[in-house]
Every structure is written in structure tokens, then in C-alpha cells.
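*Asks:* Here is what each chain is made of, one letter per residue.
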Amino acid sequence: SQTIHQWPATLVQPVGSPLSLECTVEGTSNPNLYWYRQAAGRGLQLLFYSVGIGQISSEVPQNLSASRPQDRQFILSSKKLLLSDSGFYLCAWNRGSSTDTQYFGPGTRLTVL
Amino acid sequence: AQSVTQLGSHVSVSEGALVLLRCNYSSSVPPYLFWYVQYPNQGLQLLLKYTSAATLVKGINGFEAEFKKSETSFHLTKPSAHMSDAAEYFCAVRETGTASKLTFGTGTRLQVTL
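Chains as they are written, first to last, in this note's numbering: chain U, 1 to 113; chain X, 1 to 114.
Hints listed in this document are in silico derivations from the structure and should not be mistaken for laboratory results. Hints may contain errors.
[Said to hold, decoys possible] When the alpha-carbon atoms are kept at most 30 Å apart in a straight line, the in silico DSS-like pairs for lysine-lysine are as follows: (1) X/K49 - X/K69; (2) X/K101 - U/K80; (3) X/K58 - X/K68; (4) X/K101 - X/K69; (5) U/K79 - X/K101; (6) X/K101 - X/K68.
The structure presented is a predicted model; accordingly, all values stated were derived computationally and were not measured.
Next up, chain X with everything else stripped away, as it sits in the complex (with noise of 0.2 Å):
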């Protein structure tokens, strides 16, 4: 079964600083992998996506997240952090078969301060 484990739950960055947050997977076969973001008390957001094209995949509010298959890592970053950034991350990889079910990291809450 393919699996995903974040390394880091709470990650306290200052505004501008570089966000990192880490994501392996575990799988048997070529992964499809996601991040998700979640503000409070709101459903998820699909950030980024990696479905076996480019390895460094771009996302929406400047993240990116580059696919290293030697690594089995799937690392979100960006830039520079804002004090919107700030919400819990989940990395997920598709499982195989047909209902294409995700499994999900436990999640890294992202602090930003000033």
C-alpha cells in the first residue's frame, strides 16, 4: 500500500523567510502526489499536483514542490513566506486501483511570524 509521511508537524518560519515543508512517500508503483492546504475550519485546497510529468511542479500562491524519485520525496516549498501562508499542509499519494482514494500525511502546521 502506498503511504506518506510528513516530517514535522508544527514549522514556525518568519515572513520572507523560506518555507520547507517535507513529504516522503512509500509506494510500489510511479506515486501520483498532492499538497493540500487547510485554513481553519475550512475543507482543503489542492495546491499541487505531480502525475508523472515534470518533476518540479508549480502551484498556486507561489509553492512548489519538486518529485525525487531517488529521495522518494515529494518537498514543498517556497520563497518567501506571507502571514496568509499560514495553515496546515497535507502531503497525500493515489492509491491503486479504480475509486483513486488518496492517502494523507498527518499533516504540518505552517506558523509565519513577523
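Chain U with its partners taken away, still in its complex shape (with noise of 0.2 Å):
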């Protein structure tokens, strides 16, 4: 069976400070990719996609950026964190075909102070 780890659970950053954070799925090969963000009291908002490795494509302008170094792994990352940033970030994949689901890991929640 497939599962999708986030990491880390919580931060808490300052601002001006770097991001890193990490999403890896097992059990299944070349999936699709997402990150989204939720902020409070609002929807979800999706930021970068990939379809494959290497392949990264921006939603939203943003200091964010995202890279996928192998098959299964998709990072998010800043290099100077803004108040706005704050928020949970939630990694998914799929298998690309048009009617599949997409599957969410359990998120992060991150407090830029």
C-alpha cells in the first residue's frame, strides 16, 4: 500500500529565517506531486505541482520554491521567511490519471514568529 510522510509535524521559524520541508511517498512510482497551503480560516491553496522528476510547476509567485531530487520526494523551501508564510502546508500525490484521487500526508503546521 502507498503512504505519504510529512516532516517536520510543527515548526516554528523566525522570520528571515530558511524553510525546508519535506514530503516523501512510498509504495508507488512516478506520481504526481503537490504542495498546498492552507491558511487560517481559508481554503486550500495550491502552490507548486510535478509531474516528474526534476519538473516543478509555480502556482503562485512567491519567495517559495519547491524541487523534486527523486522520484518520490517533493521539498518545499524559502530562502527568508515572511509572517505571511505562516500557515499548514500540505504535501499530495496521485497516480496522474484523470479520475484518481489525490492523497494527503498529515501536514505541517508552520508559525513564522
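Both chains are given apart, each in its own frame, so use the hints to dock them into the complex.
*Replies:* In C-alpha cells form, the structure reads like this:
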């Protein structure tokens, strides 16, 4: 069976510090991968997605970036965090077919102070 | 582009009462629609999905949704609410294209009272 992991689970960082959030998927190959942000009281905003190693598409211009160094690894980064980067970050994957479900990880709660 | 609208950011029902969470979609092609549930500080879990087969879709935890093309709706229902149903519910539509992206509604928080 497939599982998706995210770490860390929670993170408190000062403004201006760097960020690295990691997501890995087990039990499948060549998944589509997605990063979402959920701000307090708001819905899900798609930040980045990837359909293959090294292939990253950005949905929203901002100070975040994403990378996919391995088939089942997806990393969300920032060089300098802003207060507005606080939120709940969710990673998801699917097999890429039109009817396939996106499966979500447990999330990372990021607080920027 | 596809979009979904969830009417009512908060819905409160009594335990044992009918749950009705509304979702309307806009799509230029036959849509694929999803309902997810999110419990506090957790990821999203799929409740059910519509992929152009049966218009009445049954999901987990006793939930079901009916696809109505004439009304562009995909409302989520459950005949009898349980305290454990208290959570946030998201409707989503699959975007066209090869990346299988989803566009989510803003969510409806369901409160269940005794």
C-alpha cells in the first residue's frame, strides 16, 4: 500500500530564516506531487506541482520554491520566511490519471514569528 | 477554468439530524468532482468522488452525494449526523490538463450538537 510522509509536523521559525519541508511517498512510482498551503480560516491554495523528477510548476508567485530531487521526494523551501508564510502545508500525490484521487499527507504546521 | 462554490462556511446540525453541505461547480467539460473531509490538524481524507459513472455516489462514513448536471451541483448528504462528523469539508473539481490538479472550495465547517 502507499503512504505519504511529511516532516516536520510542526515548525516555529523567525522571520527571515530559511525553510525546508519534506514530503516522501512510498509504495508507488512516478507519482504526481503537489504542495498546498492552508492559511487560517481559508481553503487550500495550490503552490506547486510536479509530474516528474526535476519538473516543477508554480501556481502562485511568492518567496517559496519547490524541488523534486528524487521520484518520490518533494521539497518546499524558502530562503527568507515572511510572516505571511505561516500556515498549514499539505503535500499530496496521485497516479496522474484523470479520475484518480489525490492522497494527502498529515501536514506541517508552520508558524513564522 | 473549473471552479467550485461551497455555500455556507459554517453549518450546525443536531446529532441525528440530516447533514446537507452544498457544492456548486463551474466547468467547461464534464467534471470530475470530489468531497474531502479534514479533521483538526490533519490532512484531507477522501469521502467520495464522481467520475461520470453513477450520479448518486456513496462514500465512507455514511455520506453520499448526487451529481445534478442541470443544477451544476454536487451536494453532500448524510441522513443522520454523528458527533464524530464534526470536521471541515471540502468540495473539489479536477482541472483539465495532464497534471490532474484539483481546485478546492473554501470549505464548510460542520458542527454537530447534542
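*Asks:* For every hint, state whether the structure bears it out.
*Replies:* Each hint tested on the structure:
1. X/K49 - X/K69: holds, 15 Å
2. X/K101 - U/K80: Holds, because 28 Å separates the two Cα atoms, which is no more than 30 Å.
3. X/K58 - X/K68: The given pair, whose Cα atoms are some 15 Å apart, holds under the 30 Å limit.
4. X/K101 - X/K69: holds, 21 Å
5. U/K79 - X/K101: With Cα atoms ~27 Å apart, U/K79 and X/K101 stay inside 30 Å; holds.
6. X/K101 - X/K68: holds, 22 Å
Of the numbered hints given earlier, the model fails none.
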